[in-house]
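Q: Working from the sequences, and respecting the hints, build out all of it.
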Amino acid sequence: MAREDRALQIGGRTFGSRLFVGTGKYATWELMKEALAASGSELVTVAVRRVNIDRPDEPSLLNYIPEGATLLPNTAGCYTVEEAVTTARLARAAGLGALVKLEVIGDQELLWPDPLGTLQATEQLVREGFTVMVYTTPDPVLAVHLANAGAAAVMPLGSPIGSGQGVLDVDAVIKIRARVQVPVVVDAGIGSPADAALAMEHGADAVLVNTAIAAAADPVLMARAMKAAVEAGRMGYLAGRMPRRDASPSSPSEGRVSQPAGA
Amino acid sequence: MMTLTVNGERREVPVVATIGELLDHFRIQHQAVGVLINGEVVGRADFGSAPVHEGDTLDIVRFVGGG
Chain A
1 MAREDRALQI GGRTFGSRLF VGTGKYATWE LMKEALAASG SELVTVAVRR VNIDRPDEPS
61 LLNYIPEGAT LLPNTAGCYT VEEAVTTARL ARAAGLGALV KLEVIGDQEL LWPDPLGTLQ
121 ATEQLVREGF TVMVYTTPDP VLAVHLANAG AAAVMPLGSP IGSGQGVLDV DAVIKIRARV
181 QVPVVVDAGI GSPADAALAM EHGADAVLVN TAIAAAADPV LMARAMKAAV EAGRMGYLAG
241 RMPRRDASPS SPSEGRVSQP AGA
Chain B
1001 MMTLTVNGER REVPVVATIG ELLDHFRIQH QAVGVLINGE VVGRADFGSA PVHEGDTLDI
1061 VRFVGGG
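Quick mapping for you: the protein sequence lines, in order, are chains A and B. Per the working numbering: the first sequence = residues 1 to 263. Per the working numbering: the second sequence = residues 1001 to 1067.
No lab work stands behind these hints, which were simulated from the structure alone. A quick note: this is a predicted structure, and the numbers were derived from the prediction, not measured. Warning: the hint list may mix true and false statements.
Chain B residues, not near chain A, derived (Cβ > 12 Å throughout) [stated by the list, open to error]: (1) Met1002; (2) Thr1003; (3) Pro1014; (4) Val1015; (5) Ala1017; (6) Thr1018; (7) Glu1021; (8) Ser1049; (9) Pro1051; (10) His1053; (11) Glu1054; (12) Gly1055; (13) Asp1056; (14) Ile1060.
Computed footprint of chain B on chain A, listed as stretches where at least three residues anywhere in the stretch have a Cβ under 8 Å from a Cβ of chain B [to be verified]: (15) 48-60; (16) 72-82; (17) 91-99; (18) 216-230.
To give a feel for the contact side, a few chain A residues facing chain B, derived at Cβ under 8 Å [claimed, not checked]: (19) Thr23; (20) Thr45; (21) Thr86.
Don't be surprised by glycine CBs; every beta carbon is placed ideally from N, CA and C.
A: This is the structure in structure tokens:
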């Protein structure tokens, strides 16, 4: 009998899909809406930015989110604890609830998370009652600190944001998965369905993909591919892969036609 | 008129008493908008009562595409 999967739960919410998607970099919102729907994702990230005062009638992104999807506001572009905490508070004030994807970036060129600021902001937002999904470095010890601080999910980067370099240290996913109770979401750097499947096969509870879908030649088809890859990777993880070893024939060595009888 | 700093720019606006009135002046819908006034976050429920004074600094934000 096939191993049963458990539903993914984050901060009291249950997600049927283990593919989370972003809303940045799409050529048009119509295309984005179609891709989001094709992905089957139930958790969709958005950013918080200033309104264009001189163009108040710009259509809202929120009109192009598939029905039933939960919105996950991020603190992208924040370089300090204070900026990130304020951005999270603004998102909650604007009506998106207490769920937040925390990003505190420490290096503008690498877009690498600031581990100290990330931990401090996690502690602060948890105190304020937020459900904090934390973007972090692929560091097993930091992941434990974040989980102990009350993070609802830890989200180690696969490779730098928007780079499409894939999951550079897949063993880190195994190490983090083994050390925290909360869901582990590989976020950033996934460039292809193979990357997403690799992360899932190694025990990620979900992956978060934006640019790989938005910047594909056919984003809607890529969204479907990512959905299939995440499902395949998850099933592969549950099924348990064979060990790596030296060559071993799959077909019987007995009874080959050229074999002398009784040999 | 009163002078405010809104989204990083100094702006002359007709005198308003509340954040709600300021949003109406800019024709910004109140839905899915967050406001920061002098560093303090104000939610939609309080737009009608949160006061705006000469010289205040405000950020008015909404949700955009992001990852």
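Q: Is the nearest Cβ of chain A still more than 12 Å from the Cβ of B/Ser1049?
A: 14 Å, holds
Q: For B/Glu1054, which was marked as not at the interface, is the minimum beta-carbon distance to chain A over 12 Å?
A: 18 Å, holds
Q: If we take the beta carbon of B/Ile1060, is the closest beta carbon in chain A still more than 12 Å away?
A: About 5 Å separates B/Ile1060 from the closest Cβ of chain A, which leaves it inside 12 Å; violated.
Q: Are all C-beta atoms of chain A more than 12 Å from that of B/Gly1055?
A: Holds: least Cβ distance 18 Å, greater than 12 Å.
Q: Is the Cβ of B/Pro1014 more than 12 Å away from each Cβ in chain A?
A: Given a closest Cβ separation of 14 Å, the condition holds.
Q: According to a criterion of three or more residues whose C-beta lies within less than 8 Å of a C-beta of chain B, is the region 216-230 of chain A covered?
A: violated (count 0)
Q: Examine the region 48-60 of chain A: at least three residues should have C-beta closer than 8 Å to a C-beta of chain B.
A: Contact hint for the region 48-60 of chain A vs chain B: holds, 8 residues under 8 Å.
Q: Looking at B/Thr1003 again, its CB stays over 12 Å from all of chain A?
A: 15 Å, holds
Q: Checking C-beta pairs, does the region 91-99 of chain A have three or more residues closer than 8 Å to chain B?
A: holds (count 6)
Q: Under 8 Å, Cβ to Cβ, is where A/Thr23 needs to be relative to chain B, so tell me if that hint holds or is violated.
A: 4 Å, holds
Q: Determine whether the non-interface label on B/Thr1018 survives the test: each CB of chain A must be over 12 Å from its CB.
A: Answer for B/Thr1018: holds, closest chain A Cβ roughly 15 Å.
Q: The region 72-82 of chain A covered by chain B? Criterion: 3 or more residues, Cβ-Cβ distance below 8 Å.
A: Three-residue rule met by the region 72-82 of chain A, so holds; n is 3.
Checked against the numbered hints listed earlier, the structure breaks hints 14 and 18; every other hint is satisfied.
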